[in-house]
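**Student:** The residues making up each chain are set out below.
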Amino acid sequence: GAVVSQHPSRVICKSGTSVKIECRSLDFQATTMFWYRQFPKQSLMLMATSNEGSKATYEQGVEKDKFLINHASLTLSTLTVTSAHPEDSSFYICSAGPIGTGYYEQFFGPGTRLTVL
Amino acid sequence: QKEVEQNSGPLSVPEGAIASLNCTYSDRGSQSFFWYRQYSGKSPELIMSIYSNGDKEDGRFTAQLNKASQYVSLLIRDSQPSDSATYLCAVNEGYGGATNKLIFGTGTLLAVQP
Numbered sequence: 001g002a003v004v005s006q007h008p009s010r011v012i013c014k015s016g017t018s019v020k021i022e023c024r025s026l027d028f029q030a031t032t033m034f035w036y037r038q039f040p041k042q043s044l045m046l047m048a049t050s051n052e053g054s055k056a057t058y059e060q061g062v063e064k065d066k067f068l069i070n071h072a073s074l075t076l077s078t079l080t081v082t083s084a085h086p087e088d089s090s091f092y093i094c095s096a097g098p099i100g101t102g103y104y105e106q107f108f109g110p111g112t113r114l115t116v117l
Numbered sequence: 001q002k003e004v005e006q007n008s009g010p011l012s013v014p015e016g017a018i019a020s021l022n023c024t025y026s027d028r029g030s031q032s033f034f035w036y037r038q039y040s041g042k043s044p045e046l047i048m049s050i051y052s053n054g055d056k057e058d059g060r061f062t063a064q065l066n067k068a069s070q071y072v073s074l075l076i077r078d079s080q081p082s083d084s085a086t087y088l089c090a091v092n093e094g095y096g097g098a099t100n101k102l103i104f105g106t107g108t109l110l111a112v113q114p
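These protein sequence lines map, in sequence, to chains A and B. No gaps in the numbering here: position 50 of the first sequence is 50 in this note's numbering, and each next residue is one more. No gaps in the numbering here: position 3 of the second sequence is 3 in this note's numbering, and each next residue is one more.
Keep in mind the hints are simulated off the structure, nothing from the lab. Note that the structure is predicted; figures quoted are calculated from it, not measured. Any given hint could turn out to be false.
Stated by the list, open to error - The list that follows gives simulated cross-link-like pairs (lysine-lysine, BS3-like), each with its CA atoms no further than 25 Å apart:
| hint | chain 1 | residue 1 | chain 2 | residue 2 |
| --- | --- | --- | --- | --- |
| 1 | B | K2 | B | K67 |
| 2 | A | K66 | A | K55 |
| 3 | B | K67 | A | K55 |
| 4 | B | K67 | A | K66 |
| 5 | B | K2 | A | K41 |
| 6 | A | K20 | B | K2 |
| 7 | A | K64 | B | K2 |
| 8 | B | K42 | A | K41 |
To be verified - Now the stretches of chain A that chain B is said to cover, found in silico as 3 or more residues with beta-carbon under 8 Å:
| hint | segment |
| --- | --- |
| 9 | 10-23 |
| 10 | 27-34 |
| 11 | 104-112 |
Unchecked claim - From the derived model, a few chain B residues whose C-beta atoms are all more than 10 Å from chain A:
| hint | residue |
| --- | --- |
| 12 | S20 |
| 13 | S26 |
| 14 | G29 |
| 15 | Y36 |
| 16 | A68 |
| 17 | Q113 |
Every residue, glycine too, gets a C-beta built ideally from N, C-alpha and C.
The shape of chain B in the complex, shown without the other chains (with noise of 0.2 Å):
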């Protein structure tokens, strides 16, 4: 069984700090990596896909891959009352290829405090 795991959180940091939001994952195989945001009773929507070990950047966002260490994490610059919402690390399942299933963590919620 692959697996996802997050911090449940609450994550909370205040405004304009760094939120850093961690995820593992248990199969070494793992190729793509997501992070969504999910607001309360919205859908989730994709922020940040990465493929390659190190670190890839999106305006305040940044996603870390380490798959060594099956660890990928999102770290959330200058944070606004704003980016309060769940966010989903999803990893796919297959080797590849958006017709692969995504597993996904049970989420981090994150509070960003005024």
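Bound-form chain A, shown alone (with noise of 0.2 Å):
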């Protein structure tokens, strides 16, 4: 399968810094990318799509100026958690599909675990 990778995979940070996580596909491009958040125990929740060139697509009761997206080329987006506070503590998940292929696969970067003090 198509491989995502994810930077960092672990970030300690202290309440109120920004901390900024990168998505990349290393062996094809994606015109479209996907943010998710997962707490302890509980389902993926969908953040944000991201599209390469273009703004973010925020799901309802994400804050758009909280979570930063930017989709720079067809294989990098970044998620930028701006003025971190504890309770944005989580496993934050990045996935991505080939386009171009006629099938519609979506795999998944490793994952960022993010603990603020």
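Each of the two chains sits in its own frame; use the hints to bring them together as a complex.
**Tutor:** As structure tokens, this is what we get:
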């Protein structure tokens, strides 16, 4: 299957700081990437759809000014958690699928565990 | 609101048995269906995709799709303790394309007993 990477895998930061998470498709191009958040023992929650060259589409209830998404190329999307607070501590995961293959699989990155102190 | 439903489990099966995981979806027009496995603390891993009615086999895994009944299942033969995980059923929100959102079920926790 196609490979999606994320960096960093784990980050600990102080309350009020901003954290940037990168999502890369390593062996395919992706016009669209998805960002999810998952709290312990809970379901995946889609936060936003990242679109290459245009604005991201946010799910209802997700603050776009807090979770900044940039999709500057066909292989890279970034999620910046601005002014992070302890309640933002979670597991952030991106996914993407190859375009133009005729198949519609999406592959997840390994995730980034954010802890805000 | 398009929905995907799964029994949350836990589904407990003995080692070597067949585990049967089920999923129903609400949108009759859906065309792309996926099964992901998620170990505790890890991200989901795609294990099967299915697009046509019938069975699709890959090693110990068989996905089954019945569009008339809006039903997708995953069979795991010769279950191993390492198969113990949460299995997520997902349906492409649109009618094709990796650029469409996936609608996930809440997942079924499978526990394979040695």
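**Student:** Determine for every hint whether it applies to the structure shown.
**Tutor:** Each hint, compared with the structure:
Taking the CA atoms of K2 (chain B) and K67 (chain B), the gap is near 15 Å; set against the 25 Å cutoff, the hint holds. Note on K66 (chain A) and K55 (chain A): the hinted pairing holds, with a Cα-Cα distance of about 14 Å set against a maximum of 25 Å. Of the pairs offered as hints, the one joining K67 (chain B) and K55 (chain A) is violated, with about 35 Å between alpha carbons and a cut-off of 25 Å exceeded. Between the alpha carbons of K67 (chain B) and K66 (chain A) the distance comes to roughly 40 Å, so the proposed pair goes past 25 Å and is violated.
Restraint check for K2 (chain B) and K41 (chain A): the C-alpha separation of about 23 Å stays at or below 25 Å, so the hint holds. In summary, the hint linking K20 (chain A) to K2 (chain B) is not supported, as the alpha carbons are separated by about 32 Å, beyond the 25 Å threshold. As the CA atoms of K64 (chain A) and K2 (chain B) are separated by approximately 24 Å, the hinted pair is consistent with the 25 Å bound. Distance hint between K42 (chain B) and K41 (chain A) is fulfilled; the C-alpha atoms sit about 12 Å from each other, no more than 25 Å.
Figure legend: the segment 10-23 of chain A, annotated as covered by chain B; annotation inconsistent (0 residues with Cβ-Cβ distances under 8 Å, at least 3 required). For the segment 27-34 of chain A, the stated coverage by chain B holds: 4 residues have a C-beta nearer than 8 Å to a C-beta of that chain, and at least 3 were required. As drawn, the segment 104-112 of chain A meets chain B at 8 residues by the rule of a beta-carbon pair under 8 Å; at three or more, the given contact holds. With a least beta-carbon separation of about 21 Å from chain A, S20 (chain B) lies farther than 10 Å from that chain, consistent with its non-interface assignment.
At roughly 17 Å from the closest C-beta of chain A, the C-beta of S26 (chain B) stays outside 10 Å, upholding its exclusion from the interface. With a minimum CB-CB distance of about 14 Å to chain A, G29 (chain B) clears the 10 Å threshold, and the non-interface call stands. Consistency note on Y36 (chain B): stated as away from chain A, yet its beta-carbon is not over 10 Å from all of that chain's, at 8 Å minimum. Distance to chain A confirms A68 (chain B) as a non-interface residue, since its nearest Cβ pair spans about 21 Å, more than 10 Å.
Against the 10 Å criterion, Q113 (chain B) stays outside the reach of chain A, whose nearest CB is about 21 Å from its own CB.
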